[in-house]
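At the far end of the sequence shown sits residue 183, using my numbering, and the numbering has no gaps.
No lab work stands behind these hints, which were simulated from the structure alone.
One or more of the hints may lead you astray.
[As the list claims (entries may be wrong)] With a cut-off of at most 27 Å between alpha-carbon atoms, the simulated BS3-like pairs for lysine-lysine come out as follows: (1) K74 <-> K58; (2) K135 <-> K80; (3) K74 <-> K171; (4) K74 <-> K113; (5) K80 <-> K113; (6) K144 <-> K113; (7) K144 <-> K80; (8) K171 <-> K144; (9) K80 <-> K58; (10) K58 <-> K113; (11) K113 <-> K135.
As the structure is a computational prediction, the values presented were derived from the model and not from experiment.
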Amino acid sequence: MIVSNFLVTGVPGIGKTTLIRRISQDLVCYDPAGFYTQELREDGVRVGFELVGLTGEKGLLSHADLRSPHRVGKYYVDVKGFEVFLDSLRLGDRERRLVVIDEIGRMECLSSKFTSLVHDLLAGEKVVVATVALKGADFIDEVKRRPDMLLFEITQGNRDFLGGRIIREIKPVLRDVRRDDYA
Numbered sequence: 001m002i003v004s005n006f007l008v009t010g011v012p013g014i015g016k017t018t019l020i021r022r023i024s025q026d027l028v029c030y031d032p033a034g035f036y037t038q039e040l041r042e043d044g045v046r047v048g049f050e051l052v053g054l055t056g057e058k059g060l061l062s063h064a065d066l067r068s069p070h071r072v073g074k075y076y077v078d079v080k081g082f083e084v085f086l087d088s089l090r091l092g093d094r095e096r097r098l099v100v101i102d103e104i105g106r107m108e109c110l111s112s113k114f115t116s117l118v119h120d121l122l123a124g125e126k127v128v129v130a131t132v133a134l135k136g137a138d139f140i141d142e143v144k145r146r147p148d149m150l151l152f153e154i155t156q157g158n159r160d161f162l163g164g165r166i167i168r169e170i171k172p173v174l175r176d177v178r179r180d181d182y183a
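Given the sequences, and given the hints that come with them, work out the whole structure.
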C-alpha cells in the first residue's frame with residue numbers, strides 16, 4: 001500500500017503546530033490547502049483557539065467566553081463557525097494535491113462535517129499532512145490506525161530535525177501524484 005498520509009502527534013505544547021507550519025511553508029511550491037490553529041490570548045492567558053487558513057482566512061474554533069453546547073475542557077467550541085471556515089477552504093477541490101490539517105483533535109472532531117471530510121481526504125488521492133491528538137478515542141484512534149499513513153511523534157529530542165525527515169518522505173509521494181489528475 002502506498003503511504004500518502006503523514007501524521008504528527010505529540011504532547012500538547014511540544015511544537016506540532018510550529019512543525020506543521022514549517023512543513024507547509026517548505027512545500028509552498030505544491031500550493032497546499034489547509035489550516036492551522038493558534039492560541040488566542042488575553043493579558044497573557046490562553047482563552048481559546050483561532051483557525052488560520054494557509055492563505056490567510058481566519059475563524060474562531062473555541063473560546064472560554066463563547067456560549068455553545070459543545071465544550072472541551074474550559075473552552076466552548078463553535079462547531080457551526082468551524083464548518084463555515086472549512087467550507088471556505090475548499091479542501092476537497094480536485095486541483096489541490098496537498099492538504100495540511102492542524103489538528104485532528106477533540107474540538108475539531110465535534111464536527112461530523114470535519115470527520116467526514118478528513119475521512120474522505122485520507123482515503124482519497126491527495127497527500128495529507130496533519131497533526132493528530134496524542135490521546136483520543138473513536139475517530140482519532142481510527143485515523144492513527146490507517147495502513148496508508150506514517151505516524152511521527154514529535155519530542156524535545158527530535159523536533160528540530162523531524163520536519164526535514166517528514167518532507168523527505170512527502171516529496172517523492174507528491175512527485176508520484178500525476179499532475180493531470182488534478183488539472
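Numbered hints the structure breaks, given as an ascending list: 3
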